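There are 2 protein chains.
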Amino acid sequence: METFFSFLQKRVDDCSSLLCVGLDPHPSDLPVPTAEAARDFCLRIIKTTASYAAAFKPNAAFFELYGPGGWVALKDVIAAVQAESDRLGSMIPVILDAKRGDIASTAEAYAGSAFEHLRAHAITLSPYLGRDSIDPFLAYKEKGVFLLCKTSNPGAADLQDLPVVVGTDSHPPVPLHVHIAHLAQAWNTGDNIGIVVGATQPEALTRVRLAAPDLWFLVPGVGTQGGDLETALRSGLRTDGKGMLINISRGISRAEDPARAAAEMRDAIINIQYTLKH
Amino acid sequence: METFFSFLQKRVDDCSSLLCVGLDPHPSDLPVPTAEAARDFCLRIIKTTASYAAAFKPNAAFFELYGPGGWVALKDVIAAVQAESDRLGSMIPVILDAKRGDIASTAEAYAGSAFEHLRAHAITLSPYLGRDSIDPFLAYKEKGVFLLCKTSNPGAADLQDLPVVVGTDSHPPVPLHVHIAHLAQAWNTGDNIGIVVGATQPEALTRVRLAAPDLWFLVPGVGTQGGDLETALRSGLRTDGKGMLINISRGISRAEDPARAAAEMRDAIINIQYTLKH
Chain A
0 METFFSFLQK RVDDCSSLLC VGLDPHPSDL PVPTAEAARD FCLRIIKTTA
50 SYAAAFKPNA AFFELYGPGG WVALKDVIAA VQAESDRLGS MIPVILDAKR
100 GDIASTAEAY AGSAFEHLRA HAITLSPYLG RDSIDPFLAY KEKGVFLLCK
150 TSNPGAADLQ DLPVVVGTDS HPPVPLHVHI AHLAQAWNTG DNIGIVVGAT
200 QPEALTRVRL AAPDLWFLVP GVGTQGGDLE TALRSGLRTD GKGMLINISR
250 GISRAEDPAR AAAEMRDAII NIQYTLKH
Chain B
0 METFFSFLQK RVDDCSSLLC VGLDPHPSDL PVPTAEAARD FCLRIIKTTA
50 SYAAAFKPNA AFFELYGPGG WVALKDVIAA VQAESDRLGS MIPVILDAKR
100 GDIASTAEAY AGSAFEHLRA HAITLSPYLG RDSIDPFLAY KEKGVFLLCK
150 TSNPGAADLQ DLPVVVGTDS HPPVPLHVHI AHLAQAWNTG DNIGIVVGAT
200 QPEALTRVRL AAPDLWFLVP GVGTQGGDLE TALRSGLRTD GKGMLINISR
250 GISRAEDPAR AAAEMRDAII NIQYTLKH
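Protein sequences, first through last, are from chains A and B.
Quick note on numbering that gives the first Met the number 0: the first sequence kicks off at 0 and runs consecutively.
Quick note on numbering that gives the first Met the number 0: the second sequence kicks off at 0 and runs consecutively.
Please keep in mind that the hints were generated in silico from the structure rather than gathered at the bench.
Note that this is a predicted model, so its numbers are computed, not measured.
Check before you lean on any hint, since a few could be wrong.
[As the list claims (entries may be wrong)] Derived coverage of chain A by chain B (criterion: at least 3 residues anywhere in the stretch with Cβ under 8 angstroms from a Cβ of chain B; other residues may be distant):
#: 1; segment: 33-41
#: 2; segment: 264-273
[To be verified] Simulated restraints, written as ranges between beta carbons of each label pair:
#: 3; chain 1: A; residue 1: Val31; chain 2: B; residue 2: Asp13; range: 37 to 43 angstroms
#: 4; chain 1: B; residue 1: His170; chain 2: A; residue 2: Arg233; range: 33 to 39 angstroms
#: 5; chain 1: B; residue 1: Thr188; chain 2: A; residue 2: Asp85; range: 41 to 47 angstroms
#: 6; chain 1: A; residue 1: Val165; chain 2: B; residue 2: Asp239; range: 36 to 42 angstroms
#: 7; chain 1: B; residue 1: Lys241; chain 2: A; residue 2: Ala267; range: 40 to 46 angstroms
#: 8; chain 1: A; residue 1: Arg43; chain 2: B; residue 2: Arg118; range: 56 to 62 angstroms
#: 9; chain 1: B; residue 1: Thr188; chain 2: A; residue 2: Ser27; range: 43 to 49 angstroms
#: 10; chain 1: B; residue 1: Ser169; chain 2: A; residue 2: Val165; range: 17 to 23 angstroms
#: 11; chain 1: B; residue 1: His170; chain 2: A; residue 2: His277; range: 34 to 40 angstroms
#: 12; chain 1: B; residue 1: Ala82; chain 2: A; residue 2: Arg43; range: 38 to 44 angstroms
#: 13; chain 1: A; residue 1: Thr33; chain 2: B; residue 2: Glu141; range: 23 to 29 angstroms
#: 14; chain 1: B; residue 1: Arg118; chain 2: A; residue 2: Ser104; range: 48 to 54 angstroms
A virtual CB, placed ideally from N, CA and C, is assigned to each residue, including glycine.
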């Protein structure tokens with residue numbers, strides 16, 4: 000059966016890339032802060048970088064900001080990735096970065112919004128409400144979810160690093176993000192769960208990879224936020240040399256030549272993958 | 000200075016009510032599942048129950064589901080509460096139930112969406128990304144946030160009940176939701192942070208009230224989800240007999256006479272408050 004991660008795997012092989020291009024139209028990056036400008040900003044990035052992108056990741060916040068027009072723009076952006084996929088003859092998955100999380104029937108509505116209305120292929124979710132808040136998304140067998148595990152911001156430490164006692168007292172406490180990684184690995188019976196693990200703390204990437212040897216990681220934090228690409232890949236790649244989607248947003252969108260920046264990033268990843276393998 | 004909770008306190012006193020009316024237009028409750036039907040469903044509830052409502056709580060998911068039209072409807076719904084407030088001469092706060100949570104500049108965009116575009120007075124947030132994900136919302140001094148603490152669904156146990164080790168090892172572990180309550184109480188220096196605590200586990204309400212003696216609780220789970228009103232109030236009211244907003248959604252929207260259901264719920268709360276005081 001086709002699953003989100005079988006689609007992603009195919010795309011990764013088609014384009015030899017682990018690069019996820021983030022579509023974050025910050026108002027300050029736009030000539031005028033409007034939904035149309037946000038859309039045009041993203042369409043330009045999509046057009047110039049699609050050949051090098053294993054996936055695209057639009058962030059809902061930068062569209063929601065404009066109300067109804069923003070949602071028109073977001074749908075257009077996702078449709079534009081689909082059009083590029085058709086042109087290239089290789090499906091480029093769209094991960095909607097929305098970090099949603101709500102209880103059963105409400106989660107169903109969010110899943111309907113992301114997967115049916117917007118036609119995204121995967122979505123980021125907060126795990127705070129537990130397994131039943133994720134199930135309505137998993138019910139879409141060909142779609143995927145990425146659970147927040149260890150994010151790239153300083154405040155991540157407030158909750159995600161807390162030592163939690165799991166099971167019997169004889170086991171030493173583990174950081175909450177490691178427990179999330181264990182849960183995600185255990186819950187991934189349908190090949191449709193990945194996790195978000197920031198590159199800003201490579202030792203966390205190592206710990207999480209140990210806890211979840213099979214999962215795909217969506218990895219923000221390389222570049223602008225200070226994470227080092229080689230250290231991140233060394234810490235988090237799976238034994239098959241894959242399993243990480245390195246997200247770059249501003250490093251591409253603010254580059255003088257976004258196509259070149261994306262190509263260089265793809266090649267830098269390939270080069271490190273090769274070095275690690277040999 | 001006026002703060003969200005000073006507005007709420009005034010409204011609670013104006014209408015002698017701790018009732019929060021949930022605006023959850025489930026598609027199955029609508030004659031046809033459209034944005035317009037969702038809006039009309041909510042407008043009817045607002046019109047008939049405003050006199051008894053300390054606050055209204057629309058859930059973003061049931062609007063987002065319809066894309067751009069849904070966001071038009073959500074804005075209309077919030078504006079309708081404002082119009083009822085003007086008519087009654089008493090401001091009824093709108094809590095946008097959106098459970099957002101993202102890092103700095105992205106959180107700013109969500110805050111702009113909720114507070115500037117939609118003109119909600121408060122928003123529910125996931126605490127999973129930590130303090131810096133909440134700051135952009137707190138920057139709006141007259142607006143409020145309710146952090147998810149202990150939700151009313153079964154899956155809440157997966158993370159929120161985990162024993163976490165805080166500070167030195169000499170302190171025994173506390174459930175994660177109790178730690179969130181401590182953090183929220185400590186962070187509430189601007190009178191603009193409340194927490195979400197479900198009524199389905201009254202012992203959690205008691206624990207959380209001990210950890211956060213001053214905070215307002217937004218309390219889902221009474222009625223349809225099985226929480227008992229009197230037990231909840233007994234477990235969670237502040238020493239001043241306030242500090243809880245009891246959210247009712249389907250218990251009002253599916254009642255034959257929503258106005259009467261809201262009035263009865265308000266009176267039941269008053270009656271229990273009185274009994275507990277004497």
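Structure versus earlier hints, numbers of those that do not hold, lowest first: As far as the earlier hints go, 1, 2, 5, 7, 8, 9, 11, 14 are violated by this structure, in ascending order.
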